[in-house]
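*Asks:* Using the sequences and the accompanying hints, generate a full structural model.
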Amino acid sequence: MTLAHTSAAAAAAVAEAHRREWAFVLAATVRVTRDLDLAEECCQDAYAQALTSWAADGVPARPGGWLTTVARRRALDALRHESVVRRTLPLLVADEVEPAADEVLAAAEGTIPDDRLRLICTCCHPALAQEAQIALTLRLVCGLTTGEVARAFLVSEPTMAARITRAKKKIASARIPYRVPSAGELPSRIEAVLDVVHLVFTTGHTAPAGADLVRRDLVERSIDLARMLRALLPASPDVAGLLALVLLTDSRRATRVDSGGRLVLLEEQDRSRWDRQEIDEGVALVRAALSSAPPRRFALQAAIAAVHAQSTTWESTDWQRIVGLYDALLQAWPSPVVALNRAVAVGLAHGPAAGLAAIDALTDEPQLAGYSYAAAARADFLRRLGRFDEARLAYDEALLLTENATERVFLETRLAGLP
Amino acid sequence: MAQYLVLIYGDEKAQADSGPKVWEELHAGHVAFGHKYEHALAGGNALQDTSTATSIRKDGSGSFVVTDGPFAETKEALGGYYLIEAADLDEAIAVAKDVPMPNGGVEVRPVMVVDMDR
Chain A
1 MTLAHTSAAA AAAVAEAHRR EWAFVLAATV RVTRDLDLAE ECCQDAYAQA LTSWAADGVP
61 ARPGGWLTTV ARRRALDALR HESVVRRTLP LLVADEVEPA ADEVLAAAEG TIPDDRLRLI
121 CTCCHPALAQ EAQIALTLRL VCGLTTGEVA RAFLVSEPTM AARITRAKKK IASARIPYRV
181 PSAGELPSRI EAVLDVVHLV FTTGHTAPAG ADLVRRDLVE RSIDLARMLR ALLPASPDVA
241 GLLALVLLTD SRRATRVDSG GRLVLLEEQD RSRWDRQEID EGVALVRAAL SSAPPRRFAL
301 QAAIAAVHAQ STTWESTDWQ RIVGLYDALL QAWPSPVVAL NRAVAVGLAH GPAAGLAAID
361 ALTDEPQLAG YSYAAAARAD FLRRLGRFDE ARLAYDEALL LTENATERVF LETRLAGLP
Chain B
420 MAQYLVLIYG DEKAQADSGP KVWEELHAGH VAFGHKYEHA LAGGNALQDT STATSIRKDG
480 SGSFVVTDGP FAETKEALGG YYLIEAADLD EAIAVAKDVP MPNGGVEVRP VMVVDMDR
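These protein sequence lines are chains A and B, in that order.
Residue numbering for the first sequence follows my numbering, starting at 1 and increasing by one per position.
Residue numbering for the second sequence follows my numbering, starting at 420 and increasing by one per position.
Keep in mind that the hints were calculated from the coordinates and are not lab data.
Label pairs and their computed distance ranges (CB to CB): (1) A/GLY370 <-> B/SER437: 33 to 41 Å; (2) B/MET531 <-> A/ALA231: 38 to 46 Å; (3) A/GLY184 <-> B/ARG528: 21 to 29 Å; (4) B/LYS440 <-> A/GLY147: 56 to 64 Å; (5) B/HIS454 <-> A/ALA162: 39 to 47 Å; (6) B/HIS454 <-> A/LYS169: 34 to 42 Å; (7) B/THR486 <-> A/GLY184: 46 to 54 Å; (8) B/THR486 <-> A/GLU191: 44 to 52 Å.
On a predicted model such as this, the values are computed, not experimentally measured, just so you know.
Glycine included, C-beta positions come from ideal geometry on N, C-alpha and C.
*Replies:* Structure below.
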């Protein structure tokens with residue numbers, strides 16, 4: 001192999017290890033440094049060193065172990081010189097006495113502890129604002145740069161940098177512990193983590209503004225995060241539910257937008273192009289997710305997605321079952337948006353008049369007043385009922401409420417198609 | 420170990436309008452809290468209400484402006500505090516959740532450690 005060949009292979013292996021192992025490497029390094037910034041620097045150095053070392057010596061059998069060892073060695077070197085550069089933030093609180101630094105490295109590589117759950121629970125601590133939780137998770141757990149996180153959430157890089165710095169400062173100064181929460185606390189803390197992963201997914205799946213309906217990078221990161229949590233917490237039905245939900249929703253990605261970038265409704269999607277592998281995996285997970293009684297939010301949302309995924313046509317969809325699942329979801333996780341989705345399902349199970357009545361019953365919900373989907377769903381039922389003047393008004397309202405270019409084109413097409 | 424100040428905020432008017440029974444319950448609640456967290460408490464007091472407050476600000480010319488009333492007018496006013504010792508924020512939050520807070524809530528603030536050698 002030529003040198004160019006080997007360095008290209010090494011670069012690919014490093015990129016792969018960055019995506020798969022960053023959280024593991026950083027989480028293990030934070031335990032040594034008890035300082036997030038220093039740990040990040042050491043990990044970045046380790047990945048940079050991997051580029052040259054792996055090109056020269058080949059890719060190690062366990063890239064994550066190699067990177068962790070290098071990053072932790074760097075951390076220890078830095079800590080030895082700590083008196084030179086005084087730290088600006090207090091050390092993170094960890095829940096056990098650390099072995100002497102050199103013992104950490106003397107321990108066999110195979111015994112590096114998996115601290116990813118600590119890392120993500122710290123990033124998603126309820127004492128941090130949710131936007132900070134999301135930013136920290138993408139930056140520390142997924143290894144995105146501040147610029148990448150900023151672009152994902154359509155804010156400027158200095159704004160995002162300030163948000164991340166402020167969150168890190170709070171973790172250190174308020175002593176948010178670097179720890180897996182106690183058994184009693186864990187379920188509510190995992191709920192916060194799942195909310196963050198789900199928000200990353202929905203942000204990627206339906207970009208709020210701009211020309212791209214889907215931001216693939218965010219979708220993939222959220223699936224990676226959900227898979228990581230599933231590996232860490234295999235007994236959690238909530239985690240199974242979230243992973244099922246993101247896989248089943250993502251399975252339709254190839255058919256949500258046509259070649260011209262226009263939004264394609266579920267009704268009109270070419271189901272033969274749905275991702276069978278994701279569907280099979282998602283459906284199997286739904287069974288695990290529904291094992292808790294009563295079933296919870298993500299499990300029920302995934303079960304609804306599974307009904308769609310398993311229907312060969314729109315017409316053969318079991319709408320009665322979907323209405324039943326929405327009824328259960330309204331119990332488990334009441335929200336006006338769920339009530340709206342239920343109303344739409346009622347219309348599909350029992351006809352547009354029933355659907356319109358169900359939507360109109362929700363007009364008092366202030367949260368739905370500014371929600372484009374409510375107006376769009378209403379417009380659709382009015383169109384099906386032949387009440388075109390009212391449908392026109394409802395489409396106009398929906399258009400006023402969405403900035404997503406792809407959704408706008410869809411609504412404009414429907415509006416123009418009215419007789 | 421670190422110290423946290425737990426600031427107790429509440430609606431003074433709602434508290435003032437409540438009957439003696441509510442006051443007794445509140446008092447009993449704080450006594451019970453004090454026993455339960457004796458090991459963690461480093462201090463604490465209830466404050467007279469904001470109608471007794473006096474605020475002092477420096478004016479531009481180097482003297483002081485003294486005014487009647489709290490520093491900031493809010494619906495939920497500072498009514499008391501506890502100074503607690505806790506290993507970390509999770510422990511502090513667990514203690515703070517047990518503070519009686521009938522008409523409001525509490526704010527948990529880490530105490531800044533000032534390094535005098537610096």
